[in-house]
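Trainee: For the record, the sequence lines run as chains F and L.
Positions 373 to 472 (the numbering used here) are the ones given, in order, by the first sequence.
Positions 3 to 577 (the numbering used here) are the ones given, in order, by the second sequence.
Don't take each hint at face value.
Simulated restraints, written as ranges between beta carbons of each label pair [stated by the list, open to error]:
{"hint": "1", "chain 1": "L", "residue 1": "M371", "chain 2": "F", "residue 2": "V463", "range": "47 to 57 Å"}
{"hint": "2", "chain 1": "F", "residue 1": "E436", "chain 2": "L", "residue 2": "V528", "range": "57 to 67 Å"}
{"hint": "3", "chain 1": "L", "residue 1": "S123", "chain 2": "F", "residue 2": "K392", "range": "18 to 28 Å"}
{"hint": "4", "chain 1": "F", "residue 1": "E436", "chain 2": "L", "residue 2": "S60", "range": "50 to 60 Å"}
{"hint": "5", "chain 1": "F", "residue 1": "E436", "chain 2": "L", "residue 2": "D264", "range": "50 to 60 Å"}
{"hint": "6", "chain 1": "F", "residue 1": "N443", "chain 2": "L", "residue 2": "L125", "range": "39 to 49 Å"}
Calculated lysine to aspartate or glutamate pairs in the DMTMM-like style (CA-CA distance at most 25 Å, straight line) [to be verified]:
{"hint": "7", "chain 1": "F", "residue 1": "K449", "chain 2": "L", "residue 2": "E506"}
{"hint": "8", "chain 1": "F", "residue 1": "K449", "chain 2": "L", "residue 2": "E221"}
{"hint": "9", "chain 1": "F", "residue 1": "K449", "chain 2": "L", "residue 2": "D299"}
{"hint": "10", "chain 1": "L", "residue 1": "K355", "chain 2": "L", "residue 2": "D331"}
{"hint": "11", "chain 1": "L", "residue 1": "K355", "chain 2": "L", "residue 2": "E221"}
{"hint": "12", "chain 1": "F", "residue 1": "K449", "chain 2": "L", "residue 2": "E133"}
{"hint": "13", "chain 1": "L", "residue 1": "K339", "chain 2": "L", "residue 2": "D298"}
{"hint": "14", "chain 1": "F", "residue 1": "K462", "chain 2": "L", "residue 2": "D235"}
{"hint": "15", "chain 1": "F", "residue 1": "K449", "chain 2": "L", "residue 2": "E162"}
{"hint": "16", "chain 1": "L", "residue 1": "K304", "chain 2": "F", "residue 2": "D445"}
Here chain F is said to cover these stretches of chain L; the calculated rule only asks that three of the stretch's residues, wherever they fall, bring their Cβ under 8 Å from a Cβ of chain F [what the hints assert, rightly or not]:
{"hint": "17", "stretch": "138–151"}
{"hint": "18", "stretch": "322–330"}
What the hints contain is simulated information worked out from the structure, not anything from laboratory work.
The beta-carbon is built from N, C-alpha and C at its ideal position, and this holds for glycine as well.
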Amino acid sequence: MTELQRDKTFESSGVSGTLKVVLHDVSGTLLRTLGTIERRGYDYRDVHCTQRVDGDFDLLVRIEDIGGPRNLDILCKQLERLYNVVSAEKVGRRKRAERA
Amino acid sequence: MTTATQFAKQQTEIFENRAPKSGAQLLLEAIEAQGVDLIFGYPGGAIMPVYDVLPRTSLTHILCRHEQGCGMAAIGYARATGKVGTALATSGPGATNLVTAIADAYLDSVPVVFITGQVPSDLMGTDAFQEVDIVGITMPIVKHSYIARDPADIPGMVAEAYFIAGEGRPGPVLIDLPKDVANAVTTERHRWRPYPKVKPEMGTSENISRAETLIRAAERPLFYIGGGIAQGDGVAELRELVERTEIPVVSTLKGLGSLPSDHPHYLGMLGMHGLKAANYAVQECDLLIVAGARFDDRATGKLDTFAPGAKVIHMDIDVAEIDKLRRADVFLDGSLKKNLSALDPFKDEPYEKAQIEPWRELCYSRRSMYEWDYDAPGNGVYAPKLLHDLSRRAPDSAIFTCDVGQHQMWVAQHCYFDDPKDHITSGGLGTMGFGLPAGLGAKLGAPDRTVITVSGDGSIMMNIQELQTLHRYGIPLKIVLLDNSALGMVRQWQEVFFEQNYSEVNLDDNPEFSKVAEAFRVESFVVRERSEVDAGIDRLLAADGPILMHVKIDTMENVWPLVPPGRSNADMMER
Numbered sequence: 373m374t375e376l377q378r379d380k381t382f383e384s385s386g387v388s389g390t391l392k393v394v395l396h397d398v399s400g401t402l403l404r405t406l407g408t409i410e411r412r413g414y415d416y417r418d419v420h421c422t423q424r425v426d427g428d429f430d431l432l433v434r435i436e437d438i439g440g441p442r443n444l445d446i447l448c449k450q451l452e453r454l455y456n457v458v459s460a461e462k463v464g465r466r467k468r469a470e471r472a
Numbered sequence: 003m004t005t006a007t008q009f010a011k012q013q014t015e016i017f018e019n020r021a022p023k024s025g026a027q028l029l030l031e032a033i034e035a036q037g038v039d040l041i042f043g044y045p046g047g048a049i050m051p052v053y054d055v056l057p058r059t060s061l062t063h064i065l066c067r068h069e070q071g072c073g074m075a076a077i078g079y080a081r082a083t084g085k086v087g088t089a090l091a092t093s094g095p096g097a098t099n100l101v102t103a104i105a106d107a108y109l110d111s112v113p114v115v116f117i118t119g120q121v122p123s124d125l126m127g128t129d130a131f132q133e134v135d136i137v138g139i140t141m142p143i144v145k146h147s148y149i150a151r152d153p154a155d156i157p158g159m160v161a162e163a164y165f166i167a168g169e170g171r172p173g174p175v176l177i178d179l180p181k182d183v184a185n186a187v188t189t190e191r192h193r194w195r196p197y198p199k200v201k202p203e204m205g206t207s208e209n210i211s212r213a214e215t216l217i218r219a220a221e222r223p224l225f226y227i228g229g230g231i232a233q234g235d236g237v238a239e240l241r242e243l244v245e246r247t248e249i250p251v252v253s254t255l256k257g258l259g260s261l262p263s264d265h266p267h268y269l270g271m272l273g274m275h276g277l278k279a280a281n282y283a284v285q286e287c288d289l290l291i292v293a294g295a296r297f298d299d300r301a302t303g304k305l306d307t308f309a310p311g312a313k314v315i316h317m318d319i320d321v322a323e324i325d326k327l328r329r330a331d332v333f334l335d336g337s338l339k340k341n342l343s344a345l346d347p348f349k350d351e352p353y354e355k356a357q358i359e360p361w362r363e364l365c366y367s368r369r370s371m372y373e374w375d376y377d378a379p380g381n382g383v384y385a386p387k388l389l390h391d392l393s394r395r396a397p398d399s400a401i402f403t404c405d406v407g408q409h410q411m412w413v414a415q416h417c418y419f420d421d422p423k424d425h426i427t428s429g430g431l432g433t434m435g436f437g438l439p440a441g442l443g444a445k446l447g448a449p450d451r452t453v454i455t456v457s458g459d460g461s462i463m464m465n466i467q468e469l470q471t472l473h474r475y476g477i478p479l480k481i482v483l484l485d486n487s488a489l490g491m492v493r494q495w496q497e498v499f500f501e502q503n504y505s506e507v508n509l510d511d512n513p514e515f516s517k518v519a520e521a522f523r524v525e526s527f528v529v530r531e532r533s534e535v536d537a538g539i540d541r542l543l544a545a546d547g548p549i550l551m552h553v554k555i556d557t558m559e560n561v562w563p564l565v566p567p568g569r570s571n572a573d574m575m576e577r
C-alpha cells in the first residue's frame, strides 16, 4: 500500500457531556434518538427517561465522543431534525479530556 | 412509551361511522389523495391485500422486475418531476431489496415514500416467514418511518408521510403495513395533527446584511453550489445573483446544471474529478459562498486544506449542515430560494467590479487554459468525446441518468447541462445499478423529454432485468453502455494507488450485451470504432422505442484529473 492509501488513525477529540432531549410520546422516538447519537459518533454512558406532566418525555443522556463531529451543537441540531424530537440541548459544562 | 396508535388516539380527533373500508383501501385512497398517479412496485405475500385493491384505483402501477428497480425508478421519477415518488414491495426480501434505494434517496435527499408489507401483527417478532424488522433496518437511512397498527390511522399517516418526504430537506419515508392491518375493516378515521416543527423561512436580516458586507469586501469571491439549489427551487435566483455580481461559480456533482455548462461565470465541477480551473479557484478564493452544498469529502478533498484562506457564507435549509464540517462565518438557514433572492450586496452602492476583475480574469484564463482536449490516439472510441458529442446533439431538454464509476465522472465532466433536473446520478451513495431503473422512472415522469441512460458494463449487470420493464411498457429509454471489460474505476485506483495489483476487476467474460438486449426484445447495436460513433448517435437519438448502444472502449482509459484520497484538491494527478 502506498503512502496515499494509509488512513489516518482516529484521534478522539475527548468531547463528552450531557444532553437533554425532549421527545413526544411516540413509538420509536427513543430508539431513533439513541441511534442517532451513536451513529453520529458518540457512546451513551447513562440514560434517564422520565415523563413530563404534558405527556412528553425528558431524556437525559451522558455521552462520550467515539469519533463524531466533535461538536455537540451539531449533534443537537441533528437530533432536532428527527420527527417527534421537540428539542435537544447540552446541559452542564462540556469538558475536554486530557490528552496523553 | 405508548404506541403510535395510542398516541394518535390521545392527540387526534376520531371520526366514527364512516364508510367501512379496509386498511389497504384506505392506504391507496390516501395515496391518490396526495395527487399520486404512478407507483412502482412488486407484489408478494404480505402486500397482497393492497394488490387486491389496486386494480380498482386510478393509480398506474409499474411492475419492475426487482424491488431495487422499483425503488430506483421511483427516485428517477421523483428527481425528474420534482414530485414525491412512491415504491411498493412486500415484506422480508421484498423490503430488504428496497434498502439500497432507500439509502440512495436518503444520501441524495430525494422525496420518496416506500411502502412495505409486513407479516400480521401477532406474528411480528416471531421470526415468521418473510419477516424482517424493516423499520429497524432502515432507521438510520430514512427521514421518518411508521408501522401502521390501526387502519384508522392510515389516511393521516399517509398524508403526513408525503408531507415529510417533501418538506424542508427532502428524503425517504417508510410505511410498514402489517397484513392484518391491511385486511382489517374500520368505520373510524383518525385525523393526525402534524407536529409543529418551527423552521425559519430564511436567514435573519442581520445575517443577510453580514453576508452582503463580506461579499462587498471580497477580492476573490467564489460560489460553491450543490444539489440544494435544485431541491430548493433556487435556480432562477442563483442565476440572477450570479449575473448581477459576476462572481465565478463552481459546482458539486449534484449541482450540475444549476448554471448552464457554458455560462460565462461557470468554472466547472470541483473535487476529486473536478476541473482544474474549479479546484484552483477554490484553493485561492478569499470568500466561499456555499449554496445548497455540504462540504462532502469527494468535493473537498482533505478538509483542512480546502479553501484555506476563505471566509465562508453557508446557505442551507438543513441547519444541521451549518458548521458540521467547516465553520461558517455567516450562515443563512431556511429557504435557499428566499436567501438567494434576498442577497443584494450592491443595492446601496455601485458595484465596484474592478475589485474582483483580476480574480475573474485569472479564473477565466485558467478555464481556457485547461479546456478539455478531445484528441485521443488510435481508432478506438474515446468515451469523453462520445459523451460530449452526444449531449450536444441531444435535445436541450434531454435528461441524462447514469450509473456509477468512470462513465459517471465522464458524464459529469463532458455532458452539457442547463438545468439540474437534466442530470440524475447517484451522488451520495454511489449506487451501481442506479442508471437503468432511474432512467425508466425519469422517462415515465417526463414522457415528452429525451432520456438517455449512460451505464458501464459493471453497473448495468446489477439491474439489467429492468430491460424487460422497458419492453413491457414500451418505455423509449436510450441506453449508452460504455463497455471497457472491467470495473473501470476500481481498476484505475488499483493502477494508480495499488501498484497495478489488479484484483477482481477483469470483466472480459462479459455477455454479448446486444444479444442480452435482444433477448429482452430491446433494440440494440454495437459501436466498436471511432468512425462508427456519429452514425451510432444518429441511430440512438432517432429510435422510437427503447434502444441500447453497446460501445466498446479501451480498458486502460482513465478519468482525469484525479485528486488522491486524503489529499488537497490542489494536488491533482493528470494523464
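Trainee: The structure should be examined with respect to each hint, and the outcome stated for every one.
Mentor: Right, here's what the structure says about each hint:
no.	hint	verdict
1	L/M371 to F/V463: 47 to 57 Å	holds, 55 Å
2	F/E436 to L/V528: 57 to 67 Å	holds, 59 Å
3	L/S123 to F/K392: 18 to 28 Å	violated, 34 Å
4	F/E436 to L/S60: 50 to 60 Å	holds, 54 Å
5	F/E436 to L/D264: 50 to 60 Å	holds, 52 Å
6	F/N443 to L/L125: 39 to 49 Å	holds, 44 Å
7	F/K449 to L/E506	violated, 42 Å
8	F/K449 to L/E221	violated, 33 Å
9	F/K449 to L/D299	holds, 21 Å
10	L/K355 to L/D331	holds, 23 Å
11	L/K355 to L/E221	holds, 10 Å
12	F/K449 to L/E133	violated, 34 Å
13	L/K339 to L/D298	holds, 22 Å
14	F/K462 to L/D235	violated, 34 Å
15	F/K449 to L/E162	holds, 22 Å
16	L/K304 to F/D445	holds, 23 Å
17	138–151	holds (count 7)
18	322–330	holds (count 5)
Of the numbered hints stated above, those contradicted by the structure are hints 3, 7, 8, 12, 14, listed in ascending order.
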